[in-house]
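**Q** Sequence:
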Amino acid sequence: MKRNKTAIALTVAGSDSSGGAGIQADIKTFSALGVYGASVITALTAQNTRGVDEVMAVPPEFVLAQMRAVACDLPVGAIKIGMLATGEIVEAVATGLDGFPDVPVVLDPVMAATSGDLLLDEDAVGLLREMLVPRATLLTPNLAEGAALLGEPLESREQMLEGRAERLLALGPGAVLLTGGESMAETALDIFACADGIQRIEAPRHDTANTHGTGCTLSSAVAAELAKGASLERAVKLAKMYVTAAIIAADEIRIGQGRGPVHHFHAMWPEPGEGRTGA
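Going by this note's numbering, the first residue of the sequence shown is number 1, and it counts up by one from there.
No lab work stands behind these hints: they were computed from the structure.
These figures come from a predicted structure and were not determined experimentally.
Glycine is no exception: its CB is placed at the ideal position from the N, C-alpha and C atoms.
Check each hint, because a few of them may be wrong.
[What the hints assert, rightly or not] Okay, derived cross-link-like pairs now, EDC-like style, lysine to aspartate or glutamate, Cα gap no bigger than 16 Å in a straight line:
#1 K237 x D207
#2 K228 x D102
#3 K5 x D73
[Stated by the list, open to error] Listed next, with one range per pair, are the computed distances between beta-carbon atoms:
#4 S231 x A46: 35 to 41 Å
#5 S231 x E61: 35 to 41 Å
#6 G34 x G172: 27 to 33 Å
#7 E158 x M241: 20 to 26 Å
#8 D123 x E166: 23 to 29 Å
#9 G34 x A170: 31 to 37 Å
#10 K228 x F265: 17 to 23 Å
#11 F265 x T187: 23 to 29 Å
#12 R68 x H206: 24 to 30 Å
Could you put the whole structure together from the sequences, leaning on the hints where they help?
**A** In structure tokens, the structure reads:
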């Protein structure tokens with residue numbers, strides 16, 4: 001029997017020991033969206049829903065070895081890049097991308113955890129901007145990350161977001177999705193900028209403390225949709241819908257004592273109070 005081609009996405013990111021962000025969130029997102037997930041681990045973090053205790057960067061030569069092992073065997077349809085930790089790892093990932101010609105890259109320039117703990121050396125920001133941003137099909141910074149990439153002060157006023165997205169686009173990525181969840185906008189507003197212009201992508205705001213891993217989940221959802229063959233614009237809009245639903249459903253699960261994760265499997269798990277029935 002002939003089998004359909006399996007969509008495969010690769011995440012290059014750090015590990016979150018609490019399971020809500022990083023590699024773990026990416027793999028959950030890929031799985032929830034029907035995509036096989038491969039992974040390259042760049043760093044180990046000792047963290048939970050309350051914060052990051054320690055970070056151990058993976059040797060850059062081993063990061064490159066992981067990328068090359070995947071490249072020579074798996075037909076990867078899209079790549080998501082997240083936490084890179086150090087400048088040396090940024091350089092290794094840039095080299096590793098040579099093994100994936102013409103594969104779309106979603107770059108989430110992770111600089112800090114939801115708790116505020118730093119996840120990228122300050123001296124690595126310039127290398128990230130120089131070596132990886134121009135190679136990205138889509139750049140997905142939040143407000144703070146966008147400001148850092150541009151060397152500008154943090155700005156959260158709604159009317160300033162479109163200009164910032166345009167300036168990020170001028171750094172060389174194919175497109176930018178500036179996520180404005182922490183903006184002053186009345187809705188959960190993201191700005192999508194590409195050569196065709198600017199789009200506002202909005203969703204209702206939902207009051208919850210359970211937002212751990214939101215950025216990781218959004219970028220990996222875009223990569224999953226790209227791996228399945230969606231256009232970039234459609235992938236962005238489908239990813240926004242998925243993340244919005246995951247945030248709304250986050251209060252259905254109780255994980256940890258701090259900022260819990262979004263509910264990656266909201267469409268698959270039973271409703272609260274419902275039991276599973278066996279065959």
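**Q** With reference to the structure, classify each hint as holding or not holding.
**A** We went through each hint and held it up to the structure:
Of the pairs offered as hints, the one joining K237 and D207 is violated, with about 21 Å between alpha carbons and a cut-off of 16 Å exceeded. Note on K228 and D102: the hinted pairing holds, with a Cα-Cα distance of about 15 Å set against a maximum of 16 Å. Restraint check for K5 and D73: satisfied, since their Cα atoms lie roughly 15 Å apart, inside the 16 Å limit. Checked against the given bound of 35 to 41 Å, the beta carbons of S231 and A46, roughly 39 Å apart, stay inside it.
Range check, S231 to E61: about 36 Å between beta-carbon atoms, so the 35 to 41 Å window is met. At about 32 Å, the CB distance of G34 to G172 agrees with the hint of 27 to 33 Å. The given range of 20 to 26 Å is respected by E158 and M241, whose C-beta atoms sit roughly 21 Å from each other. The hinted range of 23 to 29 Å is satisfied by D123 and E166, whose Cβ atoms lie roughly 27 Å apart.
Distance hint for G34 and A170: a CB-CB separation of about 35 Å, consistent with the stated range 31 to 37 Å. About 18 Å separates the C-beta atoms of K228 and F265, a value consistent with the hinted range of 17 to 23 Å. Checking the proposed 23 to 29 Å range against F265 and T187 shows it holds: the Cβ atoms sit about 25 Å from each other. A C-beta distance of roughly 41 Å is found between R68 and H206, which places it outside the suggested range of 24 to 30 Å.
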